[in-house]
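K.L.:
The primary structure of each chain is shown beneath.
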Amino acid sequence: MYESHYNIAGISIAITANSNLADDDAYRLYRTDGITSDQIYRITMEPSTDRPKPSCTCLFQNELNWVFDGPVPQHFFRVPHGKGPCAWDLLDDTNEKKIFYLPEAEPYFSTALGVFNASGFERILYQFNRYLYHCSYVDYEGRAILFSAPSGGGKTTQGLLWEKYANATLINGDRAVLEASEAGILCHGLPIAGSSGVFINRTLPLAAIFTVKKAPENTVRRLKGKEAFLAVYSQLTINLWNEAFVQDALDFSMLVAERIPIYELSCTISEEAVNTVRACLS
Amino acid sequence: MKKIETFVLRTIAGESILVPTGKTTLAFNGMITLSETAAFIWENLENAESAEALATMMTSEFSVDKETVLADIQEFTDQLIQAKMVAYTDPDKKW
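Line order of the protein sequences matches chains A and B. For the first sequence, my numbering assigns the number 282 to the last residue and increments by one with no breaks. For the second sequence, my numbering assigns the number 377 to the last residue and increments by one with no breaks.
Hints were generated in silico from the structure; no laboratory data involved. What you are looking at is a predicted structure, and each value in this text was computed from that prediction instead of being measured. Please note that the accuracy of each hint is not assured.
Not the full set, but computed from the structure, chain A residues with beta-carbon under 8 Å of chain B [unchecked claim]:
#, residue
1, 59
2, 225
3, 226
4, 229
5, 246
6, 247
7, 250
Computed beta-carbon distance windows for the label pairs [claimed, not checked]:
#, chain 1, residue 1, chain 2, residue 2, range
8, B, 308, A, 106, 28 to 36 Å
9, B, 328, A, 217, 44 to 52 Å
10, A, 142, B, 365, 43 to 51 Å
11, B, 314, A, 259, 25 to 33 Å
12, A, 127, B, 325, 29 to 37 Å
13, A, 217, B, 308, 39 to 47 Å
14, A, 272, B, 314, 35 to 43 Å
15, A, 83, B, 308, 18 to 26 Å
16, A, 259, B, 338, 37 to 45 Å
17, A, 248, B, 348, 35 to 43 Å
Where chain A lies over chain B, by a calculated footprint (3+ residues, C-beta under 8 Å) [unchecked claim]:
#, segment
18, 290 to 296
19, 305 to 311
Just so it is clear, CB atoms sit at the ideal spot from N, CA and C, and this is done for glycine as well.
Using the sequences and the hints, build the whole thing.
P.N.:
Following this line, the structure appears as structure tokens:
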């Protein structure tokens with residue numbers, strides 16, 4: 001057996017598998033030589049032909065995942081374009097998990113991407129009070145500026161405009177990990193970046209969040225109260241079927257909305273959009 | 283009455299909001315904002331044996347007459363029944 005190590009958002013993730021996991025460009029940036037944090041999550045990958053039957057109550061399903069109710073919920077995973085579930089695990093509240101997979105899926109699970117896809121990454125983060133936030137993440141003068149929007153809403157475009165006009169660095173074009181620390185709200189990079197292809201490993205204090213809305217003119221409006229809360233909560237990746245997760249995500253969203261200035265940015269694709277935000281930040 | 287769907291009731295910036303969780307998330311998307319009295323009804327409907335009993339609880343909480351409160355309870359619980367969020371526990375389907 002081989003053990004592969006990653007440090008993502010300050011969490012040391014150790015994966016035991018039949019092979020030394022292959023990394024793509026994203027995961028290579030997060031690979032470490034061993035345990036690098038006292039916050040440790042362990043994943044063991046084990047081939048098996050004994051796929052369990054799901055319980056009758058489905059709590060959640062999407063294209064690749066199913067979650068079924070039980071004393072400990074069961075999770076099933078299908079590889080992209082696969083015919084049916086090829087991996088399964090139990091969703092308990094410990095800092096380790098064993099993922100079983102059908103032997104024919106070995107090539108997929110010999111990659112870091114495959115293991116993390118099947119692992120429910122938001123759940124690993126949640127074990128350490130961190131949350132996956134749908135946004136583009138920009139480093140501007142050593143502070144994190146986030147642009148959130150639904151897919152196709154222009155968040156990566158705004159990030160790229162900041163690189164072009166504000167000497168900023170796009171850290172991730174699709175996601176960031178948020179953590180409430182004693183020093184304030186921290187923003188971590190991660191190897192998951194949607195189609196943006198930008199996944200720098202960098203942690204910065206969070207300065208502001210802008211919810212992006214396409215408009216003919218550039219304006220900024222400060223969000224308060226429920227609007228600010230919704231700007232955070234609606235873009236977190238939450239296991240809605242898990243009540244404790246929902247409760248904690250609600251608390252976390254309220255905390256971020258209280259501590260961090262959150263704005264609605266109505267904008268064009270232009271330098272003026274960048275300058276509007278810079279004026280707001282200063 | 284009993285709740286047949288799972289929601290978390292939270293106060294966000296002074297507003298009461300119901301957030302679905304558990305298997306309820308398969309049927310309900312988003313959140314439901316409740317008035318102060320609706321939030322009280324939601325929180326207490328399983329503790330009351332009848333609409334009358336809940337109305338008594340409400341009149342001691344809010345400075346509103348019982349008749350108004352009973353009308354509020356009727357209207358809101360009708361909506362909850364229609365949305366299949368709660369079910370009658372009385373055989374005669376009054377509460």
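K.L.:
For each hint, tell me whether it holds in the structure or not.
P.N.:
Results of checking the hints against the structure:
no.: 1; hint: 59; in the structure: 5 Å, holds
no.: 2; hint: 225; in the structure: 3 Å, holds
no.: 3; hint: 226; in the structure: 5 Å, holds
no.: 4; hint: 229; in the structure: 5 Å, holds
no.: 5; hint: 246; in the structure: 5 Å, holds
no.: 6; hint: 247; in the structure: 6 Å, holds
no.: 7; hint: 250; in the structure: 5 Å, holds
no.: 8; hint: B:308 <-> A:106: 28 to 36 Å; in the structure: 33 Å, holds
no.: 9; hint: B:328 <-> A:217: 44 to 52 Å; in the structure: 51 Å, holds
no.: 10; hint: A:142 <-> B:365: 43 to 51 Å; in the structure: 49 Å, holds
no.: 11; hint: B:314 <-> A:259: 25 to 33 Å; in the structure: 27 Å, holds
no.: 12; hint: A:127 <-> B:325: 29 to 37 Å; in the structure: 30 Å, holds
no.: 13; hint: A:217 <-> B:308: 39 to 47 Å; in the structure: 41 Å, holds
no.: 14; hint: A:272 <-> B:314: 35 to 43 Å; in the structure: 39 Å, holds
no.: 15; hint: A:83 <-> B:308: 18 to 26 Å; in the structure: 23 Å, holds
no.: 16; hint: A:259 <-> B:338: 37 to 45 Å; in the structure: 42 Å, holds
no.: 17; hint: A:248 <-> B:348: 35 to 43 Å; in the structure: 39 Å, holds
no.: 18; hint: 290 to 296; in the structure: holds (count 5)
no.: 19; hint: 305 to 311; in the structure: holds (count 3)
Hint compliance for this structure: no hint is broken.
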